[in-house]
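**Student:** So the chains spell out like this:
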Amino acid sequence: MSAREEILARVREALGDDSQPVTQSVAPSGPQGRAEGAPVAPSGPQGRAEGAPVAPSGPRGRAEGAPVAPSGLQGAASPTAGAGERGYRTASGLDEDALVELLVDRLVDYKARVEVVGPDALAGAIRTRLEGKRFVVPEGLPSEWLDPSLAGVTVTDSREAPIGVERLDELDGVVTSSAVSIAETGTIILDGSPDQGRRAISLVPDHHVCVVPVETIVGIVPEGFARLDTTRPLTLISGPSATSDIELERVEGVHGPRTLDVIIVR
Amino acid sequence: MTTVNLGLPAVPPRGFGNISATEPFPKAAHRELGNAQLRANLGHATHTIRDKRLRVVSELPDWEALRDAGSAIKTDAMSRLPELLVQFEEQFTARGGTVHWARDAAEANAIVERLVRATGSQDVVKVKSMATQEIGLNEYLEERGISAFETDLAELIVQLGHDKPSHILVPAIHKNRTEIRDIFLQEMPDVDPELTDEPRRLAMAARAHLRKKFLSAKVAISGANFGIAETGTLGVVESEGNGRMCLTLPETLITVMGIEKVLPRAQDLEVFMQLLPRSSTGERMNPYTSLWTGATSGDGPQNVHVVLLDNGRTRALADRHGRSALHCIRCSACMNVCPVYERTGGHAYGSTYPGPIGAILSPLLTGVEAEENSSLPYASSLCGACFDACPVKINIPEILVYLRGEDVEAKHGRGRAAGEAGGASDLKGNGRRRSLPTQMDVALGAASWALSSGDRLGLLEKGLPVARALAGRDGKISRLPGLAAGWTQSRDVPAPPSESFRSWWKKRATGGAPGEGDGARRGGAPGGGAAPGEGDGARRGGAE
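First to last, the sequence lines map onto chains A and B. If you're matching positions, the first sequence starts at 536 in the working numbering and goes up one per residue. If you're matching positions, the second sequence starts at 2 in the working numbering and goes up one per residue.
Worth double-checking, as some hints may not be accurate.
Derived pair list, reagent style DMTMM-like, types lysine to aspartate or glutamate, alpha-carbon separation capped at 25 Å [stated by the list, open to error]:
1. B:K214 to A:E701
2. B:K219 to A:E782
3. A:K646 to B:D475
4. B:K219 to B:D191
5. B:K219 to A:E701
6. B:K165 to B:E373
7. B:K53 to A:D640
8. B:K214 to A:E787
9. B:K165 to A:E782
By construction, these hints were calculated from the structure, which means they are not laboratory data.
Could you build all of it, start to finish, from the sequences and the hints given here?
**Tutor:** Printed below as a string of C-alpha cells:
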C-alpha cells in the first residue's frame with residue numbers, strides 16, 4: 536500500500552469508531568458535509584461552562600466607535616459554514632474617516648512611517664521619500680505616481696523580465712501599490728498584481744514605499760480576506776520586519792525591509 | 002455501523018523522532034529547577050508575553066466567539082480529514098505543486114533528502130518549523146552531508162549554541178541577551194568582536210550573517226501554519242522576513258506539514274489569522290504572513306513540494322478523548338501561562354512539544370503507553386490556565402487526567418485496546434494486554450486481601466509493634482523500602498502506634514463504660530499516652 540493510501544486508510548479507521556462520544560470542548564459546528572462514519576458528537580461529557588455549545592451570539596461589549604454589523608450575515612451567505620460558526624464580527628461598520636484614522640494609528644504603533652495625501656500630492660510624496668536613492672518599481676505601477684525627475688534612478692521589474700536577486704540587493708528601495716489594508720490590525724496586503732509586482736521586489740530592498748488607495752482599506756480581518764483571492768501569492772505586512780526573540784524585546788528590522796513608508800491616498 | 006477491515010492494525014503506529022522524552026519528566030524537571038538563570042530568563046519572558054497577550058485579546062469584543070469558531074472549524078476539519086486531504090492534494094497539484102505523503106519521521110526525512118539531492122544543492126535554508134523539529138530533519142540531513150541553516154533568529158541562536166529549542170514560538174526563550182552574545186561571538190564567523198548584548202546589535206549581526214545565504218540559496222524548507230483544502234493554499238506566519246526570504250527567493254521550496262493542519266475553506270483564515278498572532282506573540286498581527294498556492298509563473302519558487310506527515314497523528318486521532326489535541330495551532334499561549342513550564346522550562350519535557358500541549362500531544366503521538374512519555378501527563382498542576390488561554394479551546398486539563406488514567410491502566414496490564422504497540426505476543430485470549438504485576442499491583446492486592454476481612458486485619462495489626470521498631474528515637478520513619486521509598490524522599494512517616502484502634506476498643510469495651518472517651522480517640526493517637534478520661538473532657542471542651 537502506498538503511503539498515501541495507508542495514511543488515508545488510517546485516518547478513516549481512526550475516525551471510524553463512533554460508538555463513544557468524543558471529548559470536545561465545543562460542539563461540532565453543524566450538519567455540513569461530514570464524512571461517513573465520523574462521530575457526530577454533541578459536546579463532551581464534561582459539561583463545563585466553557586464547553587457550552589457555540590452560541591450564535593452577537594458581539595459582546597462593542598469597542599467604542601465600532602458599530603458592528605449583524606452577526607452571521609457572512610456565515611449565512613457561505614453555503615458551507617456551519618450554523619453557529621460565525622458568531623464573530625464580519626464587518627466593522629466604520630466610515631472612511633474612522634478607517635483611515637485607525638489604520639494610521641496601528642501602522643504608527645508598528646513603527647511604520649505614515650502620510651495621508653490627496654491624489655495630486657502622491658507623486659511629490661513618493662519623490663521626497665526616494666530622493667537620491669536608486670529604486671525598483673513593478674511594471675504596472677501607474678506612471679503618474681512617479682515624478683519624471685526620477686526616471687534616471689528607476690528600475691522596472693516584471694515577471695517576464697525579472698531583476699536578479701543580487702541586483703535587487705544593490706537597490707535602495709521599492710515603490711508598490713497594495714491590494715487590501717486592514718485597519719484594526721494595521722495590515723497591508725500585496726497580491727502580486729502588476730502594480731505590486733513579484734514578491735522579491737518588496738522584500739530585498741531595504742526601504743519599502745507602499746501606496747494604499749483609500750478605497751482598499753477595510754475595518755477588520757474578515758472584511759480583508761473577503762476581498763482577496765487566496766490562490767494569488769499573498770504577502771501580509773504589518774509594520775516593518777521585526778523580531779522579539781531576544782528577551783521578548785521587539786527590535787524592528789531584521790531580514791525584510793527595515794523602513795516601511797505608507798502613503799495613504801484619499 | 003460496520004467497519005471495513007482494511008488489514009491495518011487497530012491502532013495506527015506510533016510517531017517517532019524528537020517527540021520522545023529521553024528521561025522521565027520528574028528527573029529532568031528536578032535538574033532544570035536547579036538552574037536559577039533559566040528560571041529568571043523564563044519568568045521574565047513568560048510574564049512579558051502573558052501581559053501582552055491579555056492586552057490585545059481584551060481589545061477584541063468577539064474574542065470568545067472567535068475561539069468558538071476556531072474550535073468548531075477544527076472539529077469539523079478533523080471529522081472530514083480524509084476528504085479534505087484529498088481535496089488539498091488535488092488543488093495543490095492542479096496549481097503546479099507536488100504532494101508527497103509520509104507515514105512517519107523516517108519516510109518524511111527520506112523524501113526531503115531525495116528532493117534536495119535532485120536539485121544538486123548541498124545547502125538548504127530553513128524557515129522555523131515544528132514539524133521538521135519533530136522529525137529531526139536537520140540532524141538527518143547533517144549526517145548525510147547536507148547543511149540545513151536555520152534562519153529564524155531564535156532557531157539560529159539554538160543551532161549555533163548546539164542546543165535544543167525550549168519553546169514552540171520563542172525557541173531560545175531560556176537564553177538571555179548576554180548568553181546570546183557569547184554564542185554569536187563564539188560561533189559566528191566574521192562577527193564584530195566588539196558586539197554588545199543590545200538586542201538591536203544582536204539582530205543586526207544575525208542579518209549580516211544570513212544575508213548572503215538568503216540571496217544565494219537554491220532550496221528552502223519550511224513548515225506550514227495552514228493548508229487550505231478548498232484552494233491548495235499553504236501559509237506561513239512569521240515576523241522577521243526570514244520566512245519571506247526562504248519562501249520566495251529559492252528555486253525549490255519543500256514544505257513539511259502535519260496532516261492536521263488542513264483547514265476546509267479559505268474563509269477559515271479570517272478566524273485563525275485573528276486567533277494566532279494575538280495568542281502567540283501578543284500582537285494584533287504578526288509582521289509578515291505569506292500565502293502561496295502551488296507555483297506562480299515568474300514569481301517565487303517554480304519547484305514547489307509539500308510533504309504531508311502522519312508520524313503518530315492518526316494515532317492521536319484514533320484516541321477519541323485526546324483527538325482535540327490535534328486542534329493545536331502551535332501558538333504557545335498554554336506554555337506562557339503554565340506554572341510548571343515557567344519553572345522547569347521546555348527542555349524538561351524532552352519533546353519538541355513542551356508545556357501543557359506537549360504533555361498531552363507527545364504521549365498521544367507516541368501512544369499513551371509508551372514508556373518514555375508516560376510521565377508527561379503528570380507534569381501539571383491541573384490549574385486550568387492553559388484551557389483558558391487556548392485559542393481553540395483544547396481542554397488540556399481534562400485530557401491530562403484522562404491520559405493519567407490510561408497510563409495507570411497500561412502499567413497494570415489492563416491496556417484499553419487489543420493489539421497495541423506491544424504486539425501480538427502480549428495478547429492473551431481475551432485480547433487484553435498483560436504485563437507483569439508491578440509493586441503497586443502487589444501492594445494493592447495485599448491491601449485488598451487484608452481489608453476485606455476483620456480477622457485478617459486483626460492478624461496483621463499484631464505486627465504494629467514491629468513496624469514501630471523501624472522508627473528512630475524521634476518516633477519518625479525517614480526511609481521506607483521499595484515503592485514507598487519515593488514518598489519518604491522528602492517526608493518522614495510518624496511511627497505507627499503500638500496498638501491498633503480496634504484492639505484498644507475491644508479492651509476498652511469490656512472494661513470501661515460505653516461512650517466514655519469517644520471524642521478523645523477520634524482526635525488522639527491510640528496508645529499515645531493520654532488516658533481515655535483525660536482526653537475526653539479536653540477534646541469536648543475544645544470543640545464546643
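**Student:** Confirm or reject each hint.
**Tutor:** Structure-based check of each hint:
About 12 Å separates the Cα atoms of K214 of chain B and E701 of chain A, which keeps this hinted pair within 25 Å; it holds. A hinted pair counts as satisfied when its Cα atoms are at most 25 Å apart, and K219 of chain B with E782 of chain A does not qualify at roughly 32 Å. Of the supplied pair hints, the one linking K646 of chain A and D475 of chain B is violated, its CA atoms being roughly 68 Å apart against a limit of 25 Å. Of the pairs offered as hints, the one joining K219 of chain B and D191 of chain B holds, with about 23 Å between alpha carbons and a cut-off of 25 Å not exceeded.
With a C-alpha separation of about 14 Å, the suggested pairing of K219 of chain B with E701 of chain A holds against the 25 Å cut-off. The straight-line distance between the Cα atoms of K165 of chain B and E373 of chain B is roughly 18 Å, inside the 25 Å bound, and the hint therefore holds. With a CA separation close to 18 Å, the supplied pair K53 of chain B and D640 of chain A stays within the 25 Å bound. Annotation: proposed proximity of K214 of chain B to E787 of chain A holds, straight-line Cα distance about 21 Å (limit 25 Å).
Proximity of K165 of chain B to E782 of chain A is assessed by CA-CA distance (about 17 Å); at most 25 Å being required, the pair is judged to hold.
When held up to the earlier numbered hints, the structure conflicts with 2, 3 and fits the remainder.
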